[in-house]
Amino acid sequence: MFGYTFQWNQALARLPKMLDGAVVTMEVAVLSMLIGILCAILLTLLRLSGSRSLRAVATGWVEVARNTPALFQIYMAHFGIASFGIHLSPFVSLLIGITFNNAGYLAENFRGALKAIPDTQIRAGRSLGMSQTQAFRYIIVPQMLRISFLPMTNQMVWAVLMTSLGVTVGLNSDLYGVTQDLNALTFRTFELFAIAAVIFYIITKIITLSARLIAARLFRY
Amino acid sequence: MIEIHDVHKSFGQLEVLKGIELTVDKGEVVTIIGGSGSGKSTLLTCINGLEPIASGRIVVDGTEVHAKSTDLNRLRRKIGIVFQQWNAFPHLTVLENVTLAPRKVLGMGKAEAEEIARTQLAHVGLGDKLATYPARLSGGQQQRMAIARALAMSPDYMLFDEVTSALDPQLVGEVLETLKMLAEEGMTMICVTHEMAFARDVSDRVAYFHKGVMAEIGVPDQIFGDPQHPETRKFLASVR
Ligand SMILES: Nc1ncnc2c1ncn2[C@@H]1O[C@H](COP(=O)(O)OP(=O)(O)O)[C@@H](O)[C@H]1O
Ligand SMILES: [Mg+2]
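Heads up: the sequence lines are chains A and B, in that order. So in the UniProt record's numbering, the last spot in the first sequence is 221, and the numbers never skip. So in the UniProt record's numbering, the last spot in the second sequence is 240, and the numbers never skip.
Just so you know, the hints here were simulated from the structure itself, not pulled from any lab data. Just so you know, even glycine gets a beta-carbon here, dropped at the ideal spot from N, CA and C. A few of these clues could be false.
Unchecked claim - Short, incomplete list of chain B residues facing chain A, as computed with Cβ under 8 Å:
(1) Phe11
(2) Leu50
(3) Lys68
(4) Thr70
(5) Asn73
(6) Arg76
(7) Arg77
(8) Gln85
(9) Asn87
(10) Val105
(11) Gly107
(12) Ala135
(13) Phe224
Based on the provided sequences and hints, a complete structural model is requested.
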């Protein structure tokens, strides 16, 4: 059909290389989530701060992250800042771009979660002699975590998928980059990208299923 | 001893407390009655320093609550407060709700905190609910849990702000019984309440608040039997 003969064996022979790429993809996704969560907490606090300029910076970050293409954000993290003489490796640029995106989305989720928890919870904690920090840490954060857990899982899945944009800044060690290089070498386009798609699918399924298990253990109430 | 001397407090233009004078002795039970918006809740939140005051002094066992040098977190350990809305911590079991503050604020070990929590929870009739999450409790049970949570800090004073007002009528009794029990055990208490029978039964003194002023204070028999202030008479007639 269409003069194309499937040659799965040729493509499957490259599976180990692709799995190496999947490891790099996971590295970027996990790191961008961990740093992204920390940045999001910081952004959430900044948006509550008394300083108008700090609030503006945080809001600007969130707005750009959520309202411009991720591709643009990653591009800026590489070629954009290169204009100022800062040259980062493709890996680092991709990591920064996705982290920026994660932090923006997560900060918005955290803010929504915070709004959903009544002020009286803090007051109850303070009445028991807790400091503001203790009340936040032991009463607010755990409840925020539960409300934000599903959005965080979704963001993790997005982070995995966004790694495919690394090719635009020249990354070729991640799953998508490896697949593209192998394609240039063998022209087994359909087979290679089908295998890559299956690997992406399996990774994201593992993430959502394990998130569900973790949630069931963590949130009994 | 809680000494409240000429306390004024405003929210914006609105003066909510207009020179409150009240001294509550150790072991005394004072109930505060009065119309909605008369400043009852505000006074309680000023006593434990949740709200600042404009002028006057509130002194608890010699410590001036609103002095800059006062460590409010430390002071609040000896003043328990329970609100109309009970504010259970939904992510913690009943036992954990009660052990949280003793552990994190007093630095108590887990075993010791649980021992105290079990005792307090049994005391308010929740000894069989330790592993339950608040969402599975009735309003009355959650309110009793909130009382146990405050008692676990071994406070010297307890403030109650209309703790039965948000409850279904059939659940009011169990919470009032708990308050009565505390009063009989000699706890020093200030209770804001709309339950006149309760106020009459348990109080050493009853104060009537009207528009930010303590219009009248006296023993229950006098306040309910022979109110002196015309506003007190009007109020009591309206709630009977
Ligand atoms: N945080 C607040 N901000 C502004 N106004 C308030 C606040 N809390 C209470 N008030 C006002 O202060 C007055 C007294 O309130 P409150 O002490 O709650 O009365 P009570 O408990 O006797 O019903 C009311 O008019 C109320 O609207
Ligand atoms: Mg009130």
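Unsatisfied constraints (hint numbers, rising): Going through the list in order, the structure violates hints 1, 3, 4, 11 and 13 and respects the others.
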